[in-house]
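Protein chains in written order, with my numbering: chain A, 1 to 278; chain B, 1 to 358; chain C, 1 to 332.
Be aware that one or more of the hints could be misleading.
Claimed, not checked - Here are some chain C residues the structure puts well away from chain B; computed CB gaps all over 10 Å: (1) G8; (2) I62; (3) H77; (4) A98; (5) H110; (6) A204; (7) A215; (8) L222.
As the list claims (entries may be wrong) - Under the rule of at most 30 Å between Cα atoms (straight-line distance), these lysine-lysine pairs were calculated in the DSBU-like manner: (9) C:K34 with A:K114; (10) B:K303 with A:K114; (11) B:K129 with C:K109; (12) A:K89 with A:K169; (13) B:K348 with A:K194; (14) A:K169 with B:K93; (15) A:K43 with A:K194; (16) C:K109 with C:K34; (17) A:K114 with A:K252; (18) C:K247 with B:K150; (19) B:K15 with A:K169; (20) A:K169 with B:K303; (21) A:K30 with A:K88; (22) A:K169 with B:K150; (23) A:K114 with B:K129; (24) A:K89 with A:K210; (25) B:K350 with A:K114; (26) A:K114 with A:K43; (27) C:K109 with A:K114; (28) A:K114 with B:K10; (29) A:K94 with B:K93; (30) B:K15 with B:K303; (31) C:K34 with C:K200; (32) B:K231 with A:K131; (33) C:K143 with B:K303; (34) A:K43 with A:K94; (35) A:K131 with B:K10; (36) B:K10 with A:K88; (37) A:K94 with B:K303; (38) B:K150 with A:K114.
Hint data in this document are derived by calculation from the structure and do not stem from the laboratory.
By construction, the Cβ of each residue, glycine as well, lies at the ideal position given by its N, Cα and C atoms.
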Amino acid sequence: MIQAEMAEMADAGYTTADGRKIGGIVMEMKNITLRFGGVVAIKDISFDIREGEIRAIIGPNGAGKSSMLNVINGFYHPQEGDIFFHGKKRRSLKPYQIAEQGTARTFQNIALFKGMSTLDNIMTGRITHMKTNLLDQMLWWRSAEAEEVANREVVERIIDFLEIQAIRKTPVGRLPYGLQKRVELGRALAAEPKLLLLDEPMAGMNVEEKEDMSRFILDVNDEFGTTIALIEHDMGVVMDIADRVVVMDYGKKIGDGTPSEVRANQAVIDAYLGVAHD
Amino acid sequence: MLYRESGDFKTSYAKDQQTFPIAFDRAGYFATLAFAVLVVPFLINDYWANAVILPFLIYAIAAIGLNILTGFCGQVSLGSGGFMAVGAYAAYKLMTSFPDMSMIFVILLSGGVTALVGILFGLPSLRIKGFYLAVATLAAQFFLVWLFNKVPWFYNYSATGMINAPERSVFGQAITGAEASPVTSYLFCLGFAFILAWVARNLTRGVNGRKWMAIRDMDIAAEIIGVNPLKTKLTAFAISSFYVGVAGALLFTVYLGSVEVGEAFGVGKSFLILFMIIIGGLGSIFGSFAGAAFMVLLPVLLKNIMVGQFGWATDLAAHFEFIIVGGLIIVFLILEPHGIAQLWRITKEKLRLWPFPH
Amino acid sequence: MSAEFYFGVEVFLNGLMAGVMYSLVALGFVLIFKASGIFNYAQGVMALFAALTLVGFQNGQIPFAHLINAIFGTELHHFGWHMPAFLAIVCTLLVMIAFAYIVEFLILKHLVNQEPIILFMATIGLAYFMEGFGDLMWGSDIKKLDVGIPQGGNFWLEENTAFLGGDNFYGFYLDNLDIVAAILAVFLVSGLVAFSQYTKTGRALRAVADDHQAALSVGISLRTIWVIVWSIAGFVALIAGIMWGTKSGVQFSLSLIALKALPVLMLGGFTSIPGAIIGGLLIGVGEKMFEFLIGAPYLGGATENWFAYMLALLFLVFRPQGLFGEKIIERV
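Generate coordinates for the entire structure from the input sequences, incorporating the hints supplied.
Encoded structure:
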């Protein structure tokens with residue numbers, strides 16, 4: 001049957017033009033509706049995210065993009081709709097449980113722990129991997145020190161990857177904005193997530209910094225095979241690095257497809273992209 | 001130049017993470033320890049023990065406890081006095097119900113009981129934050145003091161409502177009661193202080209400490225990266241209350257000997273310990289000791305200078321104490337929220353180059 | 001109806017009166033919190049300090065007499081005059097305004113962007129400081145405060161309600177002082193609400209309470225507003241100090257009222273002026289009725305020490321913003 005074949009195809013994934021392997025559907029949002037009191041932030045939105053792809057979520061301010069990420073995180077609970085994770089319907093989970101399943105994110109307004117250094121902040125990303133029990137920690141015996149050192153090694157590799165060795169011990173509150181964003185990315189990467197959510201990672205950056213950040217995002221996807229969903233305003237970046245795009249406006253989905261498909265979509269042009277004038 | 005750090009390279013992560021990475025610090029630490037164990041027992045006398053050293057050690061333990069909860073985990077508590085009372089009364093009931101129980105166990109179990117009470121009163125912290133939580137802890141404070149006053153079972157139905165520590169010994173040496181010598185009391189408290197400080201250091205430098213600090217700095221982000229807020233906050237309450245309970249038990253059994261709950265463990269005590277960690281440094285074990293030393297020494301110093309030297313009335317000294325403490329709180333909060341601990345760190349930084357300017 | 005019932009009603013009425021007294025203190029808290037997000041733990045001590053200063057002016061005390069005598073070996077205590085009550089109140093008010101200026105200049109200005117908990121702890125420091133300072137300035141012995149407010153039971157009320165409840169009931173006993181306090185509170189609250197809603201400064205105050213940055217951007221001077229607010233709070237503290245001081249003498253325990261005001265604010269909401277009154281009444285009545293009905297007969301009494309807090313705790317868990325406060329929403 002055609003449907004079964006299509007389903008099979010969908011599950012198996014495909015290979016992109018430049019040889020990256022995109023897998024089956026890892027997360028699917030079905031008919032999500034999110035309300036705050038009288039305000040409808042997200043109205044009946046459905047889309048999916050495939051394993052290993054870079055999925056961009058774009059749209060004008062106030063479209064509900066950050067709220068969408070918060071729903072994926074489990075921070076907001078939609079009044080209607082379901083989320084399917086690897087084909088199974090996800091129960092209403094708490095954010096830390098979702099983090100344990102392998103989701104990590106960065107925030108629009110940088111949510112670093114201001115009282116800690118860069119190193120400590122990125123080490124917090126390893127929390128879901130550190131399992132030494134309380135008693136062992138209190139006495140600092142058996143696995144306590146070994147686990148600490150092992151995780152330190154992982155974090156140091158990420159520090160190398162992001163080229164932030166020099167600011168390891170600096171309290172993050174003192175770092176310039178661009179570096180703080182990089183540290184936050186480091187913290188998210190430290191969790192070795194299967195799904196990485198990036199909320200406007202390029203906000204407030206100049207062209208050079210954007211190039212650096214784009215490179216990091218592509219490298220992460222390439223080296224670790226991490227699935228990435230990112231909210232972004234810069235269309236140039238989106239066109240360059242995204243595999244597929246979801247377009248939101250006033251809480252509704254108005255476009256879904258590859259960057260070129262979305263760019264040609266009239267509704268998207270009317271709402272968001274605008275038309276080039278001579 | 002005095003404070004050498006160059007040439008002291010770390011060759012492993014373990015070495016980088018140790019408590020005193022700089023050799024100079026390590027030497028200083030061991031020297032202090034040696035002094036405390038080998039020299040002080042021969043110099044100590046009743047006056048020093050009672051006026052300064054015993055309260056310093058005991059309040060340091062309480063300060064570490066409150067620092068864990070407030071300084072590291074960001075949960076403000078104004079109920080420390082009440083929790084110290086829990087420790088004291090638990091010790092009393094244990095001592096009178098189980099006369100053969102070793103004092104070490106009594107103290108540890110009192111801490112355990114206080115930890116359980118702490119978990120109970122920590123439950124609201126899951127829904128309320130900041131100084132709303134402070135108010136909830138005040139509720140705990142007033143309720144606990146009332147409880148120990150009103151329910152006669154706690155003070156074994158005695159007529160006065162006061163509790164007295166029966167005589168006990170450890171390893172054949174009297175620890176409580178009139179026979180206890182300052183040396184034994186001192187070593188007993190020193191042992192607890194040292195071990196508890198070491199455990200606190202281990203907890204705060206590992207993943208637990210980071211979980212606490214994450215909750216303190218931004219609890220929503222912390223939850224999103226995988227910190228279980230319920231477990232983490234309640235763990236902070238439990239461990240903090242354990243420390244405060246131990247301090248309360250020690251205060252009652254070894255230091256005061258007899259206690260009236262409103263006087264010894266009233267809300268003023270809660271503020272005292274809070275001031276210790278603000279002045280000493282929030283989020284610092286060393287700061288807990290520094291703050292405790294400061295708050296214990298200040299009234300003694302003021303009294304010695306004002307009453308002893310100038311011959312002023314004692315109430316003048318008390319007024320000045322309030323003024324100085326209140327003023328210092330404000331000054332520290334404005335200038336150096338990390339307290340004496342941070343000032344100490346900055347001094348050491350300066351000493352790395354002194355006398356060269358840069 | 002039995003005498004028991006009327007005793008109960010009397011307890012209720014006295015609860016209302018006690019509640020009004022709490023509200024007077026709570027009002028000061030609400031004002032400062034509304035305008036600056038600071039919970040001013042020192043409000044209670046401000047009431048004490050205001051009362052001490054008032055008595056000091058009235059009796060012509062020399063400030064810091066005790067200290068001066070200790071340093072110079074002199075024996076000074078009084079200037080020798082007696083100030084009429086009204087003038088003393090005006091002078092004290094000027095002192096409280098000066099206090100507001102100094103607090104803004106030395107403390108508030110430096111802690112502008114800190115978290116609320118740091119500001120709260122700073123006010124605890126301020127409270128301790130003012131406690132010591134007030135004692136040093138005017139002496140820590142208990143003083144009697146008398147500005148001419150009638151005291152003692154209201155005979156008229158007592159006589160005219162004695163007919164209720166039969167032989168064992170002697171009429172409602174309400175203290176004149178409490179009645180005066182209630183009337184004052186009504187005027188104060190109406191005045192403050194009118195000020196907040198209808199005057200330019202009141203509007204500026206609400207703007208500052210809402211968003212510091214936005215208020216700055218429309219040209220409102222944060223610092224001026226804070227001085228005004230702390231002055232008004234000082235005035236309210238003075239009223240509270242006069243009422244409480246007349247009732248129980250001017251002494252250290254006056255400052256502990258701050259602790260009682262906290263549950264009032266929990267119930268009424270930290271940002272609501274009418275809420276401070278309603279919260280105060282609820283706590284006052286709740287305390288007294290609980291003690292009367294349950295505390296004294298079954299729990300051994302003295303439950304007033306903690307009842308207010310337990311009630312506040314329940315509110316904190318189920319409705320943290322209180323009855324009238326603004327809901328707290330957190331976003332990421």
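Hint numbers the structure violates, sorted upward? 5, 10, 12, 13, 14, 17, 20, 22, 24, 26, 29, 30, 36, 37 and 38
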